[in-house]
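**Q** Make a model of the complete structure from these sequences and hints.
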Amino acid sequence: MERRRLLRFLFLIFTSIFLFFITFLNLPYSPSTSGCDSSSNHPSPWYCTNRFLLKNPTRHLRKPTRLHSSDVPHHPLDPLTLQELKKVQFIIKSHALFKNSAYALHSVVLEEPTKQTVLTWQKGDPLPTRKASVTARVNGEAHLLTVDISSQEVTRHEVGHLSGYPVMTMEDMTTATWAPLGNADFNRSILARGVKLADLACLPISSGWYGASELEEKTRLIKIQCYSIEGTANFYMRPIEGLTVLLDLDTKRVVEIVDKGKNIPIPKAANTDYRFSAQNRQPSLINPISIEQPKGPSFTIEDDHLVKWANWEFHLKPDPRAGVIISRVKVRDPGTGKMRNVMYQGFTSELFVPYMDPTDAWYFKTYMDAGEYGFGLQAMPLDPLNDCPRNAYYMDAIFAAGDGTPYVRENMVCVFESYGGDIGWRHSESPITGMEIREVRPKVTLVVRMAASVANYDYIMDWEFQTDGLVRIKVGLSGILMVKGTSYVNMNEVNQEENLYGTLLSENIIGVIHDHYITYRLDMDVDGSANSFVKVNIKRQENSADESPRKSYLKAVRNVAKSEKDAQVKLKLYDPSEFHVINPSKMTRVGNPVGYKVVPGGTAASLLDLDDPPQKRGAFTNNQIWITPYNESEYWAGGLFVYQNKGEDTLAVWSERDRPIENKDIVMWYTLGFHHVPCQEDFPIMPTVSSSFDLKPVNFFESNPILGAPPNEEKDLPICKASASA
1 MERRRLLRFL FLIFTSIFLF FITFLNLPYS PSTSGCDSSS NHPSPWYCTN
51 RFLLKNPTRH LRKPTRLHSS DVPHHPLDPL TLQELKKVQF IIKSHALFKN
101 SAYALHSVVL EEPTKQTVLT WQKGDPLPTR KASVTARVNG EAHLLTVDIS
151 SQEVTRHEVG HLSGYPVMTM EDMTTATWAP LGNADFNRSI LARGVKLADL
201 ACLPISSGWY GASELEEKTR LIKIQCYSIE GTANFYMRPI EGLTVLLDLD
251 TKRVVEIVDK GKNIPIPKAA NTDYRFSAQN RQPSLINPIS IEQPKGPSFT
301 IEDDHLVKWA NWEFHLKPDP RAGVIISRVK VRDPGTGKMR NVMYQGFTSE
351 LFVPYMDPTD AWYFKTYMDA GEYGFGLQAM PLDPLNDCPR NAYYMDAIFA
401 AGDGTPYVRE NMVCVFESYG GDIGWRHSES PITGMEIREV RPKVTLVVRM
451 AASVANYDYI MDWEFQTDGL VRIKVGLSGI LMVKGTSYVN MNEVNQEENL
501 YGTLLSENII GVIHDHYITY RLDMDVDGSA NSFVKVNIKR QENSADESPR
551 KSYLKAVRNV AKSEKDAQVK LKLYDPSEFH VINPSKMTRV GNPVGYKVVP
601 GGTAASLLDL DDPPQKRGAF TNNQIWITPY NESEYWAGGL FVYQNKGEDT
651 LAVWSERDRP IENKDIVMWY TLGFHHVPCQ EDFPIMPTVS SSFDLKPVNF
701 FESNPILGAP PNEEKDLPIC KASASA
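The numbers in the sequence shown follow this note's numbering, run straight up by one, and end at 726.
A portion of the hints provided could be inaccurate.
Mimicking DMTMM-like on lysine to aspartate or glutamate, the simulated pairs with C-alpha atoms at most 20 Å apart in a straight line are [claimed, not checked]: (1) Lys443 x Glu464; (2) Lys93 x Asp78; (3) Lys308 x Asp78; (4) Lys535 x Glu547; (5) Lys338 x Asp468; (6) Lys86 x Asp199; (7) Lys664 x Glu632; (8) Lys295 x Asp716; (9) Lys262 x Asp357; (10) Lys218 x Asp248; (11) Lys115 x Asp148; (12) Lys721 x Glu292; (13) Lys535 x Asp566; (14) Lys99 x Asp250; (15) Lys696 x Asp527; (16) Lys308 x Asp527; (17) Lys474 x Asp462; (18) Lys268 x Asp199; (19) Lys86 x Glu153.
Distance windows between CB atoms, simulated [what the hints assert, rightly or not]: (20) Thr129 x Asn100: 22 to 32 Å; (21) Asn537 x Thr433: 34 to 44 Å; (22) Gly231 x Val677: 44 to 54 Å.
If you're looking for bench data, these hints aren't it; they were derived computationally from the structure.
Since the model is a prediction, treat every value here as computed from it, not as a measurement.
A virtual CB, placed ideally from N, CA and C, is assigned to each residue, including glycine.
**A** Set out below in C-alpha cells:
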C-alpha cells in the first residue's frame with residue numbers, strides 16, 4: 001500500500017511538471033551543445049533535457065543555429081559569452097561563501113564598465129576588464145558580487161540591505177507549481193472540484209507586499225492558483241476559482257490553503273482552444289504577403305551585436321531582466337557625414353500590472369513582470385514568418401540558470417527592415433500654379449523586436465528606427481486574459497448593484513479589469529552627455545480688440561528644469577507641452593539648441609490611491625515623465641530587489657532628493673500606460689492592441705535629414721507575378 005502511494009505521488013509530481021512546461025514555459029529544446037555539459041558531475045537540469053515528444057517536432061525541437069562555444073566579446077557592452085558564464089560558475093562554486101551552503105544565482109550578467117570608459121573606447125582598443133555582476137541568495141540572504149573573469153577573483157561582495165528579494169529563478173517557478181501536490185489537503189480540494197490531478201495546471205503568482213503579517217516580512221512567499229487543462233490547451237479559461245495556496249518559496253512548504261469558491265463551476269472547455277489545428281478552417285481573407293529584398297538587407301550586424309543601418313548605428317543585446325538593451329545610439333548627420341550621439345542606453349526598466357479586483361483570491365495580483373519574473377527570462381523564441389517577416393535576422397540569448405549553468409534561448413530577438421506603404425515625406429503642387437511637381441519618398445524603417453510571454457500575457461516590444469532620426473518605441477499586448485470563474489452565464493442574472501470587477505466574456509468567465517504600465521529608462525546623450533530638460537508649455541494668449549481681429553493665439557513658453565521635481569510630468573490634454581532634452585552648449589547655425597523630444601503616447605495613468613500598497617511599490621508610475629541625474633546604481637524603476645519589497649527603493653524615492661539636473665548627464669524615464677476593460681472580442685485570445693511613443697529630433701539637424709533620399713523606381717524593385725490559380 002505504501003509503495004503504491006509513493007508511486008502515485010511521484011506520478012503526480014511528474015504530471016504537474018509536464019503540464020507546467022508545455023503550458024506555462026513552452027521552452028525550446030536545447031541539446032547539450034547549447035550550454036549543457038554532459039560530462040558535468042551534476043545532473044542535467046530542466047533546460048538540458050529532452051522532456052517530451054511534441055506533435056510538431058520540426059517547429060519546436062529545432063537544433064540551435066549556432067553553438068556559441070566559440071563566441072568572444074568585441075565591445076565593452078557585449079553580454080557575457082557562454083564560455084565566460086562557465087568561468088563565472090566555476091569561480092562562484094570555488095568561493096568560500098558558496099562552499100557547503102545552499103545557494104541560488106538569481107542574476108549573472110555583464111557588469112558594465114563605467115560610462116566614461118565606454119564613451120572613450122574605440123574599436124581596436126583593448127577591451128576593459130570583463131566582469132560579471134552576480135546576485136545570489138545564500139542560506140536565505142541576498143548577496144551582490146563582482147567577479148573578475150580574468151583574475152578569477154570576487155572583487156566585490158555586499159550583502160543586500162533593502163527589503164525585497166531578487167528576480168525569481170526559473171527553478172523557483174517550476175518547483176513552486178508542483179509543490180502543492182505534496183499536500184493531502186490540496187489534493188482533496190482539487191478532487192472535490194471534479195478535476196483529475198492529471199488534468200491540473202498551476203501558475204506561480206507573485207504575492208506582492210501588504211505589511212499584513214510577520215510571515216510576509218520574513219518569508220519569501222508565492223501564491224499558487226490552478227486550472228483544468230481537460231479538453232483544451234487554453235487552461236487559463238478554466239480556473240479553479242477561489243482556491244489559493246500560499247507557499248514558502250524557499251522550503252516549498254504549504255503555509256496556507258484558502259478555498260472559497262466551491263460553489264463556482266469550472267468553465268467548459270468548448271470554444272476556448274486558440275490553436276489553428278482546433279479551428280473550423282475558413283478560406284483565407286488575404287493572399288500571402290512578403291517583403292522581397294533582391295539585393296539583400298540594408299543592415300549589417302557586426303561582431304554579433306553592433307547594428308548598422310542607413311544612417312543609424314547602435315549596440316544591441318538581450319538581457320534576462322530588461323529583455324533587450326539598446327546602447328550607444330548614433331545617427332549620421334547628412335550635412336557633415338559625422339555620427340552624432342543620441343542616446344547612451346535605453347531599455348524596459350519595469351512593467352507594473354495591477355488587477356482591479358480586491359477580493360481574497362485576486363487582490364494580490366499586482367505583478368512587476370521585470371523585477372519579479374525577469375522580462376527577458378520570459379522571452380520565448382520568435383516564430384519565423386509570423387513573429388518576424390522572412391527578411392529578419394535572429395539573435396540568441398545566453399542566460400545563466402540558478403546553479404550558474406549557461407543555456408541558450410534561441411531566436412529571442414529579431415531585426416528586420418519594414419515597409420508598409422508609409423510615406424517619408426511628400427508634396428504635390430496644385431495645378432493652379434502651373435508647376436507639375438509630385439515628390440514622394442517611401443518610409444522604410446528598421447525594427448528590433450522581442451516578445452515576452454509572461455504566463456498568460458504576451459508583450460511584443462519593438463524599437464523602430466526611421467531615417468529621419470525618429471525612434472519609435474512600441475508595445476503590443478496580446479495573449480490570453482487572466483479570468484475569474486463565476487456562477488453567472490448571462491448578464492440578466494447579475495444584480496445591477498453587484499460589482500463583477502470586469503466583464504462577463506462567456507459562460508462562467510469574467511475578464512477582470514487591469515492596467516499595464518511599461519516604464520523605460522532612457523539615458524539620453526544628445527550630442528554629448530551634458531543635457532538639460534525643457535518643458536515647452538503651449539499657452540493661450542489673449543488679444544485686445546484693438547490689436548487684431550483674432551481674440552486668441554498660442555504661444556510656446558520654454559522653461560528649463562533646474563532640479564528633479566521641476567521635471568516631473570503628469571500629462572494633461574488641456575495643459576499641453578512639448579518635452580525636450582537639449583544640449584545647451586550645441587547650437588544650430590541659426591542659434592537653436594540641438595535636441596530630441598519625447599512625443600507621448602499610451603497615456604493611461606494610474607488611478608489607484610497613492611497609499612495603496614501596490615501603488616507604493618509602483619510609485620514610478622505616479623508621473624509619466626521623470627528626469628534624474630545619471631547614477632549607475634539607478635537602473636530599475638521598481639528598485640534592485642522588487643519581489644516583496646516595500647517600495648523604499650523606487651524611482652519616486654530617488655527623485656525626492658530633488659537633485660540638480662540642468663546641463664548635467666541626465667536620464668529620462670517614460671511610462672507607457674494601458675487601461676484594459678476586457679470585452680468579448682478578447683475571448684478566448686486577444687487581438688493585439690498597440691501603443692507607442694517617439695523620440696523625435698527637434699532642431700537636431702539643420703534641415704530635413706531625408707531631403708536627399710531617392711524615390712522608388714520600378715527598375716529597382718522585384719517583379720512578382722500572381723500564380724495561375726490566383
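**Q** Taking the earlier hints as the rules, which of them does this structure contradict?
**A** Of the numbered hints given earlier, those the structure breaks are 2, 4, 6, 22, listed in rising order.
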